[in-house]
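> Single-letter residue listing:
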Amino acid sequence: MAVTAAGEPLPGQFLTLRVSPFSDPLLRRPFAFSSYRRASVGRGARAGIVYQLRGGATRLLAELAPGSRVDILAPLGNSFPPPAEGETPILAGGGIGLGPLLFLAAALSEAGGPIAPRLVLGVRSASLLPSIPLPPGAVVCTDDGSSGFRGTPVDWIAANAPEGRVRLYGCGPAPMLVALAALAAARGWGASLSAEQWMACGVGACMGCALPRADGSGYLRACSDGPVFEASEIDWAGGR
Amino acid sequence: MKPDLRVSIGGLELANPVGLASGTFGYGSEYEELVDVDALGALYTKAVTLAPRTGNPVPRIVETPSGMLNSIGLANPGVEAFIAGKLPGLRGRRCAVFVNVAGATEEEYLEVLERIEAAAGTGPRAGVDGYEINLSCPNVKHGGLAFGTDAAQIERLTRALRDRTRRPIVVKLTPNVTDIAGIAKAAEAGGADAISCINTLVGMVIDVGKRRPVLAMGSGGLSGPAIRPVGVACCYRASRAVGIPVIGLGGIMSSGDALQYLLAGARAVQVGTGTFVDPRCAMGVLGGIEEWMRAQGVERIQDIPALLEV
Ligand SMILES: Cc1cc2nc3c(=O)[nH]c(=O)nc-3n(C[C@H](O)[C@H](O)[C@H](O)COP(=O)(O)OP(=O)(O)OC[C@H]3O[C@@H](n4cnc5c(N)ncnc54)[C@H](O)[C@@H]3O)c2cc1C
Ligand SMILES: Cc1cc2nc3c(=O)[nH]c(=O)nc-3n(C[C@H](O)[C@H](O)[C@H](O)COP(=O)(O)O)c2cc1C
Ligand code: FES
Numbered sequence: 049m050a051v052t053a054a055g056e057p058l059p060g061q062f063l064t065l066r067v068s069p070f071s072d073p074l075l076r077r078p079f080a081f082s083s084y085r086r087a088s089v090g091r092g093a094r095a096g097i098v099y100q101l102r103g104g105a106t107r108l109l110a111e112l113a114p115g116s117r118v119d120i121l122a123p124l125g126n127s128f129p130p131p132a133e134g135e136t137p138i139l140a141g142g143g144i145g146l147g148p149l150l151f152l153a154a155a156l157s158e159a160g161g162p163i164a165p166r167l168v169l170g171v172r173s174a175s176l177l178p179s180i181p182l183p184p185g186a187v188v189c190t191d192d193g194s195s196g197f198r199g200t201p202v203d204w205i206a207a208n209a210p211e212g213r214v215r216l217y218g219c220g221p222a223p224m225l226v227a228l229a230a231l232a233a234a235r236g237w238g239a240s241l242s243a244e245q246w247m248a249c250g251v252g253a254c255m256g257c258a259l260p261r262a263d264g265s266g267y268l269r270a271c272s273d274g275p276v277f278e279a280s281e282i283d284w285a286g287g288r
Numbered sequence: 013m014k015p016d017l018r019v020s021i022g023g024l025e026l027a028n029p030v031g032l033a034s035g036t037f038g039y040g041s042e043y044e045e046l047v048d049v050d051a052l053g054a055l056y057t058k059a060v061t062l063a064p065r066t067g068n069p070v071p072r073i074v075e076t077p078s079g080m081l082n083s084i085g086l087a088n089p090g091v092e093a094f095i096a097g098k099l100p101g102l103r104g105r106r107c108a109v110f111v112n113v114a115g116a117t118e119e120e121y122l123e124v125l126e127r128i129e130a131a132a133g134t135g136p137r138a139g140v141d142g143y144e145i146n147l148s149c150p151n152v153k154h155g156g157l158a159f160g161t162d163a164a165q166i167e168r169l170t171r172a173l174r175d176r177t178r179r180p181i182v183v184k185l186t187p188n189v190t191d192i193a194g195i196a197k198a199a200e201a202g203g204a205d206a207i208s209c210i211n212t213l214v215g216m217v218i219d220v221g222k223r224r225p226v227l228a229m230g231s232g233g234l235s236g237p238a239i240r241p242v243g244v245a246c247c248y249r250a251s252r253a254v255g256i257p258v259i260g261l262g263g264i265m266s267s268g269d270a271l272q273y274l275l276a277g278a279r280a281v282q283v284g285t286g287t288f289v290d291p292r293c294a295m296g297v298l299g300g301i302e303e304w305m306r307a308q309g310v311e312r313i314q315d316i317p318a319l320l321e322v
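Protein chains in written order, with the numbering used here: chain W, 49 to 288; chain E, 13 to 322.
Simulated from the structure, these hints should not be mistaken for lab results.
Among the clues, some could well be false.
Stated by the list, open to error - If we take Cβ atoms under 8 angstroms as the criterion, some of the chain W residues that face chain E in the derived model are: (1) R66; (2) S68; (3) D72; (4) P73; (5) L74; (6) C249; (7) A253; (8) M255; (9) L259; (10) Y267.
Claimed, not checked - Heads up, incomplete: computed chain W residues facing chain E, CB under 8 angstroms, no partners named: (11) S71; (12) R76; (13) P162; (14) W246; (15) A248; (16) C254; (17) G256; (18) A258; (19) A262; (20) L268; (21) A285.
Glycine included, C-beta positions come from ideal geometry on N, C-alpha and C.
Please build the complete structure, drawing on both the sequences and the hints.
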């Protein structure tokens, strides 16, 4: 999509969009940025999202003609922190959690850190693999073994992680985030996980997108305190 | 001729009739970059309770046909943190600020109001111009709803609050009652300066696959366009039952929606869920009301209700 105003998004940040001027679907829908390209001579800035057909809003989105205008608020939320020195970045995506990790992988490669990022994508079956190119060295996992590694990204990482310090970056369904948080805790790794929660305002005003803190002391907002959290901050299993 | 958009609530003059509804705009700073709050008539803060409240378990929101359910559970930092952390920012506001007060017992309402009164002082730029008393939040197990449905209790609580402040008191009513006119009269008898209606309607969505309610609390409060006809009817009835101004809200997305409320008898309106959908919704509502008044040759907001033909 073409970018006209607002600031430049960072990997992990999201936008909210309103696909219809009518009242059903009503609320804006959040989507993570999957790419961003700065404007250059003769070329406007462009940003991307990767989305999955789920219900009313995503169906309307899919029906939009190229060049249509949509109402977007962005960039929102925080972003993935860079890996610390000596940390191997491993990016674990489940299903549509792929989007923000593609953006992160591109940014890390562009930044040219000493250790190349490794993307591990999990889907239920080969037929659900997104039709977009994955970065070099990406690992595909399928639950049914119909393509790549049979198992989840968490299984693959547990079996294949390099020696030394790792930073996990995760985005995907809640059970995967729970497993990533547990793996990181067991291995003493850092982990930055992007949360998904229903949102109403997207800017921190309504407290609707709350996620329970791991220490039981209350809640954090997915939209404005996150969506990216250190794994140990959140009770990932208590979010829905 | 430029229409006169000012409205008066208990002697407090609002620059125009459009406000931002409690719980949908935080304490004013969250939407700072997107909305010029000071161009609006009033900001109604998120509820303030005596003790901090972390809020209800999650999920807390779910979309419904032309609406949404929420069970936020009055999450707020509590009155002391409000005074220390939010009041200073509100002192800089040029629009009127109504602090939304909630409690589980009568004593809690009084204590919250007394503490804010003491902190705000009596000078200009107090950070609070009035109070909106949330008698009607359906999310708190003990309190809120019980108050909002009992006329005698509403009158007594309103009178006790009245004795403790000279600032305008707006009593916010729930539509979850059989006789909204009687409730409105009780608030007026207790000394309220205005009534706002409506708060959310109790609703539930069940996930059939999981065979359990989507919201962790089971039910929540329904808001958005789905409740607009209920709100308009409540305003119509309440404004005919009392002499004090009625502030209408529930599902306002456009100036046409707001004008339904004004024609039904409201003196002012609030935009809630509409801000989630479009942060500039309230600005559009305000512009549209002014345009309509100009086109119709209506000079003052309070002249609008008389235009309704029934
Ligand atoms: C920070 C963030 C980033 C996201 N990034 C992406 C992305 O990059 N690509 C993508 O495809 N999706 C993303 N999502 C999820 C996306 O917002 C939902 O898929 C979308 O709102 C579905 O709308 P719908 O009307 O098509 O479906 P609906 O009919 O509204 O919902 C269908 C089902 O999707 C789930 N769902 C709907 N909305 C949400 C929500 N806000 N949060 C969690 N689950 C929801 C529910 O289980 C629901 O039953 C993200 C969500 C968040 C919070
Ligand atoms: C997320 C959310 C939080 C709310 N919190 C409060 C609150 O703290 N106090 C209150 O009096 N009303 C609260 N309300 C009710 C609104 O102020 C308003 O009465 C209701 O949503 C109907 O208006 P709307 O359809 O324009 O949103 C809340 C509503 C929503 C959607
Ligand atoms: S969606 Fe409103 S606070 Fe996060």
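> Give a verdict on every hint.
We went through each hint and held it up to the structure:
{"no.": "1", "hint": "R66", "result": "6 angstroms, holds"}
{"no.": "2", "hint": "S68", "result": "10 angstroms, violated"}
{"no.": "3", "hint": "D72", "result": "5 angstroms, holds"}
{"no.": "4", "hint": "P73", "result": "7 angstroms, holds"}
{"no.": "5", "hint": "L74", "result": "6 angstroms, holds"}
{"no.": "6", "hint": "C249", "result": "5 angstroms, holds"}
{"no.": "7", "hint": "A253", "result": "4 angstroms, holds"}
{"no.": "8", "hint": "M255", "result": "4 angstroms, holds"}
{"no.": "9", "hint": "L259", "result": "7 angstroms, holds"}
{"no.": "10", "hint": "Y267", "result": "6 angstroms, holds"}
{"no.": "11", "hint": "S71", "result": "4 angstroms, holds"}
{"no.": "12", "hint": "R76", "result": "6 angstroms, holds"}
{"no.": "13", "hint": "P162", "result": "37 angstroms, violated"}
{"no.": "14", "hint": "W246", "result": "5 angstroms, holds"}
{"no.": "15", "hint": "A248", "result": "5 angstroms, holds"}
{"no.": "16", "hint": "C254", "result": "6 angstroms, holds"}
{"no.": "17", "hint": "G256", "result": "4 angstroms, holds"}
{"no.": "18", "hint": "A258", "result": "5 angstroms, holds"}
{"no.": "19", "hint": "A262", "result": "14 angstroms, violated"}
{"no.": "20", "hint": "L268", "result": "10 angstroms, violated"}
{"no.": "21", "hint": "A285", "result": "12 angstroms, violated"}
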